[in-house]
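So the protein lines, in turn, are chains U and A.
Number 49 in the numbering used here belongs to position 49 of the first sequence; there are no gaps in the numbering.
Number 195 in the numbering used here belongs to position 195 of the second sequence; there are no gaps in the numbering.
Accuracy of the hints is not assured; some may be wrong.
Subject to a maximum C-alpha distance of 25 Å in a straight line, what follows is the list of computed DMTMM-like cross-link-like pairs (lysine to aspartate or glutamate) [what the hints assert, rightly or not]: (1) U:Lys2 / A:Asp22; (2) A:Lys246 / U:Glu310; (3) A:Lys246 / U:Glu329; (4) A:Lys42 / U:Glu302; (5) A:Lys42 / U:Glu312; (6) U:Lys2 / A:Glu74; (7) U:Lys271 / A:Glu499; (8) U:Lys304 / A:Asp392; (9) A:Lys246 / U:Glu313; (10) A:Lys246 / U:Glu312; (11) A:Lys81 / U:Glu314; (12) A:Lys4 / U:Asp113; (13) U:Lys271 / A:Asp25; (14) U:Lys122 / A:Asp22.
Bear in mind the hints are in silico, worked out from the structure with no lab data behind them.
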Amino acid sequence: MKILVSLVLVVAAVFLALVLAGTGLRPLFGVALPYLAFATFLIGLAWRVVRWARSPVPFRIPTTCGQQKSLAFLPHSRLDNPFTGRQAFGRMVLEVLFFRSLFRNTTATLTRDGRLVYGSEKWLWAAGLAFHWSLLVIVLRHLRFFLEPVPGFVEVLQDVDGFFQVWVPVLYLTDLVIVAAMTFLFLRRVLLPQVRYISLANDYFPLFLLLGIALTGVLMRYFFKTDLAAVKDVALGLVTFRPTAPEAAGSLFYTHLFLVCVLLAYFPFSKLVHVAGVFLSPTRNLANNNRAERHVNPWNPEVKTHSYQEYEEEFHDLMKNAGYPLERE
Amino acid sequence: MSEKPPSPKELLQIRHDPAGPDWMDTKPVFRPGTWCYGAVPKHAEYLGLPNPRKWQATDEDWGLPPDWRERILEGLNDRLKRFRSLFVFMDICVRCGACADKCHYFLGSGDPKNMPVLRAELMRSVYRRHHTLGGKLFGRAAGARDLDLDVLKEWFYYFYQCTECRRCSVFCPYGIDTAEITMMARELLNLVGININWIVEPASNCFRTGNHLGVLPHTFKDNVEFAASDLEDNTGVHVDVPINRKGAEILFVVPSADYFADPHYYTFLGYLALFHEIGLDYTFSSFASEGGNFGLFHSNEMMKRLNHKIYAEARRLGVRWILGGECGHMWRVAHQYMATMNGPADFLEVPRSPLTGTVFENARSTKMVHICEFTADLIHHGKLKLDPRRNDHLRVTFHDSCNPARAMGLLEEPRHILRAVCNHFYEMPENTIREQTFCCGSGSGLGTDENMEMRLRGGFPRANAVRHVHEKHGVNRLACICAIDKATLTPLMEYWVPEVNVGGVHELVANALVLKDEKEDRDSDLRGEKWLHMKDDEETGRKPSQDLMEGMDHA
Chain U
1 MKILVSLVLV VAAVFLALVL AGTGLRPLFG VALPYLAFAT FLIGLAWRVV RWARSPVPFR
61 IPTTCGQQKS LAFLPHSRLD NPFTGRQAFG RMVLEVLFFR SLFRNTTATL TRDGRLVYGS
121 EKWLWAAGLA FHWSLLVIVL RHLRFFLEPV PGFVEVLQDV DGFFQVWVPV LYLTDLVIVA
181 AMTFLFLRRV LLPQVRYISL ANDYFPLFLL LGIALTGVLM RYFFKTDLAA VKDVALGLVT
241 FRPTAPEAAG SLFYTHLFLV CVLLAYFPFS KLVHVAGVFL SPTRNLANNN RAERHVNPWN
301 PEVKTHSYQE YEEEFHDLMK NAGYPLERE
Chain A
1 MSEKPPSPKE LLQIRHDPAG PDWMDTKPVF RPGTWCYGAV PKHAEYLGLP NPRKWQATDE
61 DWGLPPDWRE RILEGLNDRL KRFRSLFVFM DICVRCGACA DKCHYFLGSG DPKNMPVLRA
121 ELMRSVYRRH HTLGGKLFGR AAGARDLDLD VLKEWFYYFY QCTECRRCSV FCPYGIDTAE
181 ITMMARELLN LVGININWIV EPASNCFRTG NHLGVLPHTF KDNVEFAASD LEDNTGVHVD
241 VPINRKGAEI LFVVPSADYF ADPHYYTFLG YLALFHEIGL DYTFSSFASE GGNFGLFHSN
301 EMMKRLNHKI YAEARRLGVR WILGGECGHM WRVAHQYMAT MNGPADFLEV PRSPLTGTVF
361 ENARSTKMVH ICEFTADLIH HGKLKLDPRR NDHLRVTFHD SCNPARAMGL LEEPRHILRA
421 VCNHFYEMPE NTIREQTFCC GSGSGLGTDE NMEMRLRGGF PRANAVRHVH EKHGVNRLAC
481 ICAIDKATLT PLMEYWVPEV NVGGVHELVA NALVLKDEKE DRDSDLRGEK WLHMKDDEET
541 GRKPSQDLME GMDHA
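Bound-form chain U, shown alone (with noise of 0.2 Å):
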């Protein structure tokens, strides 16, 4: 049910964009609605950060995943246990960029004689890391598109991308990559009971509109004819503020870029905020020297307190009898 609804809002929202582009509405996909959901996105997300940092970090409460630094004959595990805050950024550079912690996974199997094997399970981590580069090589290829001259390391980056030089024109390894380890992912989602489980309409949603964006893209690259000088007037116009929507860029182009606006749009009031919020993850961000630097609370309340001389007044005929030494005889 909750794959069907997300399935079918995506699918509503390619058909809608199909048959609306080839209208008088074209200036609507190609000029108001991507200004709309830009500026959806960056509002949105700077709001979502903003509300995140005012809160304050009470406690420093690192998850310590390695050897702490003590006595210097212990080897420190600088990058899983830091101690200091360059060490720390260390940690989330493994962390953002690789995905350090994900890259731990297994799988507990319960067998029948009553024990609990656990064998590695690196396939979310490479699924997950393979969609998250090719979405990165994807977002910054299309730069070509919003930029005249077009800068040298995209250049690089569509040459290295395009290595294999097979097809024409040319297969990008980053198209086949990020369709196939979404569709690992969403696959993964159906098929293993515990995360279909714990699945959320949320969560299959952003699945099928990065598929449709990455399809429609595809389709549009390998096999229906697009005008690319059409496709770059709109992205051009829209970056330097002189929008047009020509209708040579075609009803598949104007799909491609509604669905991309409803991405934007969608973002900020979504679980993709992971994106900004890993970064503020008090787990992972600070250093593990709790006991060498006082971390502050601002608001460190006051409580009641129970005093020394309020446990020896109770206790003062037994403490004497038993021999204590005490502050009032």
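Chain A: place on chain U using the hints.
What follows is chain A alone, placed relative to chain U:
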């Protein structure tokens, strides 16, 4: 215990592939053995907690205040503004499921709501309803739901089926820590008087008498003196144990079970023997007679209230620094919270070992050193005469306690000690130790007997790994550095791996420690079990002293 727990075979009739109705449509069943009793009113009253009353989870009417819903929603709102951890963790989960099979309670029960992600979703769904656009507009379709009485009961059931062990947060790509969410949920439940006696009673005792068990000062002294005489019987060494002595160099703080319960007691004897041998200038405090802190399992305010006495006593007694004994959650508090809450400890000095001169730079602000750090340093500098053959009757494995492992990274210190004091030390499989260690299944205040079935379930992954090394290497001793472990791994082992018993690291230290003034015929460990090499000697007629020399070379 309310009912006899099922047999191991019955207990393992579990599946890890959840199916059936959507989780929002299922309700918990308060089965005996799977939940903890409510707080007794007098203890809640002593601490000034809201809505003290007699109640149990199976009662039809939970006796909640009429505005319970508003109180909790306001409390949630308030905590989102005070804890970035909570706010971020409510928003960024992508439900990848990496945490799902990392929780010992899920592995031992198969209950899908024990998957960390779903445990967090219990709260997230309410958060979405009130704090997100999608949740407000689309309700359940966006994974949101109202906070009603059923949801509240579900919170109670499952947030008291999380031991705050943080294993899930090791695997989470965003470091989402279910312990943090559970701690927030328990704070919220406490706002309307939903709490458990196994936490509130120790907290109330601790506030009044200084320790969870409610041991009064004269009894504390009796227990300590009794331990000293036991040690003398066993080793021939007479030790004087200082209590509330002003001007000592070090305040030594232990969990109260160490001087009260078995097998903690042998670790306590171990401390006494070690400190006597090295001539440490230290003192106990009858008021700071508890390093553990059940406030951690209640609310951050309660944690601060109970922790207050540690620095206060250090100041009153005029010590230079603090040494802490073997305890798990006590060390989470000492390491991650104490100085923030009750510091700065600028009246103390940076800890320095009087024997080796080592300055504990890693504790230069909080001024509290873990006994394993202290002892590992002694051993490294050759300050102890050790005869590891005195532990030859034991084949030892080490259980990393959750908090020292995942909230400190105290991994190598105990191992350094164990390798020096035992000849037979074997590690459990790597997925079950160090930062991936499995909880005893009874942490965070859930170690009460009425909760026994859940404890046996939650402890199953740990027991499973112990059984593995028992079968492979003949392991018969599970060493650990946590008072809750010592108390709860004992029945856990009796149930799953009865051949293995439980003890502390410093018990093994004292077993192996060659004391300067020990009696000549010292021939058994602290539990009175005869040393193997002495048995051999009796058979071969060799003099014990010969072996002692060889043993020292070996060490």
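Review point. Between U:Lys122 and A:Asp22, does the CA-CA distance stay at or below 25 Å?
Key: With a Cα-Cα distance of about 28 Å, the restraint between U:Lys122 and A:Asp22 is violated, given a limit of 25 Å.
Review point. Has the given pair, A:Lys246 with U:Glu313, been kept, meaning a C-alpha gap of at most 25 Å?
Key: 19 Å, holds
**Study point:** Hint consistency between A:Lys42 and U:Glu312 [alpha-carbon to alpha-carbon, up to 25 Å]
**Key:** Holds. A:Lys42 to U:Glu312 sits at ~22 Å (cutoff 25 Å).
Practice item. Would you mind confirming whether the straight-line C-alpha gap from A:Lys4 to U:Asp113 stays at or under 25 Å? Key: Cα-Cα ~23 Å, so holds.
Practice item. Below or equal to 25 Å on CA atoms is what counts here, so check A:Lys246 against U:Glu312. Key: 15 Å, holds
Point to revise | Distance restraint between A:Lys81 and U:Glu314, which requires alpha-carbon spacing of 25 Å or less | key: The hint is violated at about 40 Å.
Check your understanding: Does A:Asp392 lie within 25 Å of U:Lys304 when you go C-alpha to C-alpha?
Key -> 50 Å, violated
Check your understanding: Does the alpha-carbon distance linking A:Lys246 and U:Glu329 stay inside the 25 Å limit?
Key -> Given that 25 Å is the threshold and the Cα spacing comes to 16 Å, the pair holds.
Review point. Holds or violated: are the alpha carbons of A:Lys42 and U:Glu302 at most 25 Å from each other?
Key: At roughly 24 Å apart (the allowed maximum being 25 Å), U:Glu302 and A:Lys42 satisfy the hint.
Check your understanding: If you draw a straight line from the CA of A:Lys246 to the CA of U:Glu310, is it 25 Å or shorter?
Key -> Satisfied, since the Cα-Cα distance of roughly 19 Å is no more than 25 Å.
Review point. U:Lys2 and A:Asp22: Cα distance at most 25 Å?
Key: 11 Å, holds
Review point. Holds or violated: are the alpha carbons of U:Lys2 and A:Glu74 at most 25 Å from each other?
Key: 31 Å, violated
Going down the numbered hints, you'll see the structure goes against 6, 7, 8, 11, 14, while the others check out.
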